[in-house]
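Student: Read off the chains here:
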Amino acid sequence: GDSVTQMEGPVTLSEEAFLTINCTYTATGYPSLFWYVQYPGEGLQLLLKATKADDKGSNKGFEATYRKETTSFHLEKGSVQVSDSAVYFCALSSIQGAQKLVFGQGTRLTINP
Amino acid sequence: NAGVTQTPKFQVLKTGQSMTLQCAQDMNHEYMSWYRQDPGMGLRLIHYSVGAGITDQGEVPNGYNVSRSTTEDFPLRLLSAAPSQTSVYFCASSPAGVVAQYFGPGTRLLVL
Chain A
1 GDSVTQMEGP VTLSEEAFLT INCTYTATGY PSLFWYVQYP GEGLQLLLKA
51 TKADDKGSNK GFEATYRKET TSFHLEKGSV QVSDSAVYFC ALSSIQGAQK
101 LVFGQGTRLT INP
Chain B
1 NAGVTQTPKF QVLKTGQSMT LQCAQDMNHE YMSWYRQDPG MGLRLIHYSV
51 GAGITDQGEV PNGYNVSRST TEDFPLRLLS AAPSQTSVYF CASSPAGVVA
101 QYFGPGTRLL VL
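Those sequence lines, one after another, are chains A and B.
Here my numbering is used: position 104 in the first sequence is 104, and no number is missing along the way.
Here my numbering is used: position 47 in the second sequence is 47, and no number is missing along the way.
Quick caveat, the hints were computed from the structure, so don't treat them as lab data.
Small disclaimer: the values here were computed from a predicted structure and weren't measured.
Please note that a few of the clues may not be correct.
As the list claims (entries may be wrong) - Derived list of chain A stretches under chain B, where covered just means 3 residues or more per stretch with a C-beta under 8 Å from a C-beta of chain B:
(1) 39-45
(2) 103-113
Unchecked claim - Heads up, incomplete: computed chain B residues facing chain A, CB under 10 Å, no partners named:
(3) M19
(4) M41
(5) L43
(6) G58
(7) P75
(8) R77
(9) Q101
Unchecked claim - Facing chain B, a subset of chain A residues (Cβ under 10 Å, in silico):
(10) Q6
(11) G29
(12) Y30
(13) F34
(14) Y36
(15) S85
(16) K100
Ideal placement from N, C-alpha and C gives every residue a C-beta, glycine not left out.
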């Protein structure tokens with residue numbers, strides 16, 4: 001079945017550091033890929049998405065590129081801020097427009113000033 | 001515009017008790033879904049609905065029941081609570097054809 005694997009956390013960085021959170025997936029066909037962010041005490045928010053190979057999703061300085069050859073969708077940000085501290089989830093949906101999201105286990109990110 | 005609201009925020013149940021987790025959205029979204037979040041496992045889909053009167057099972061539906069009588073509401077019923085249902089429950093909604101986009105703040109459930 002479909003699955004998503006994220007890099008082990010927690011991740012701790014200093015402010016203005018470069019961020020990479022790795023995400024790889026296993027899926028049939030051509031899934032859509034997503035990154036969600038969960039701030040402390042809140043529900044998840046959709047951060048960015050990509051629906052086909054080589055697409056780049058971007059939002060709030062975060063980027064991720066859909067790499068079909070390596071089945072990856074790594075999240076990157078050039079200069080992180082304290083306000084980026086949160087849990088980040090990678091997810092996929094194998095059926096376009098369907099509700100069945102498969103999530104990774106989440107990566108907790110802490111940014112120190 | 002309140003978005004997606006969930007009640008209660010926190011609940012303690014005894015094994016065997018039943019309860020309903022409430023979820024409502026005021027964005028006129030066709031799609032709604034329920035997920036549970038367990039430590040180290042990400043979120044898993046319990047049930048979902050693509051419109052009033054239409055529901056379907058997700059990855060982990062056992063022990064849960066849903067109905068969708070209106071576009072706005074999508075309650076999740078625990079028929080006979082078990083300790084394995086201790087979790088944080090999230091409701092989500094989205095327009096038709098779009099995966100879960102708006103999540104509620106969650107309900108933390110503890111089953112003793």
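Student: All the hints need checking, so say for each whether the structure fits it.
Tutor: To see whether the hints hold, each was checked on the structure:
| no. | hint | result |
| --- | --- | --- |
| 1 | 39-45 | holds (count 5) |
| 2 | 103-113 | holds (count 4) |
| 3 | M19 | 20 Å, violated |
| 4 | M41 | 6 Å, holds |
| 5 | L43 | 4 Å, holds |
| 6 | G58 | 7 Å, holds |
| 7 | P75 | 17 Å, violated |
| 8 | R77 | 19 Å, violated |
| 9 | Q101 | 5 Å, holds |
| 10 | Q6 | 8 Å, holds |
| 11 | G29 | 15 Å, violated |
| 12 | Y30 | 15 Å, violated |
| 13 | F34 | 7 Å, holds |
| 14 | Y36 | 8 Å, holds |
| 15 | S85 | 18 Å, violated |
| 16 | K100 | 6 Å, holds |
In summary, the structure is inconsistent with hints 3, 7, 8, 11, 12, 15 from the numbered list given earlier, while agreeing with the others.
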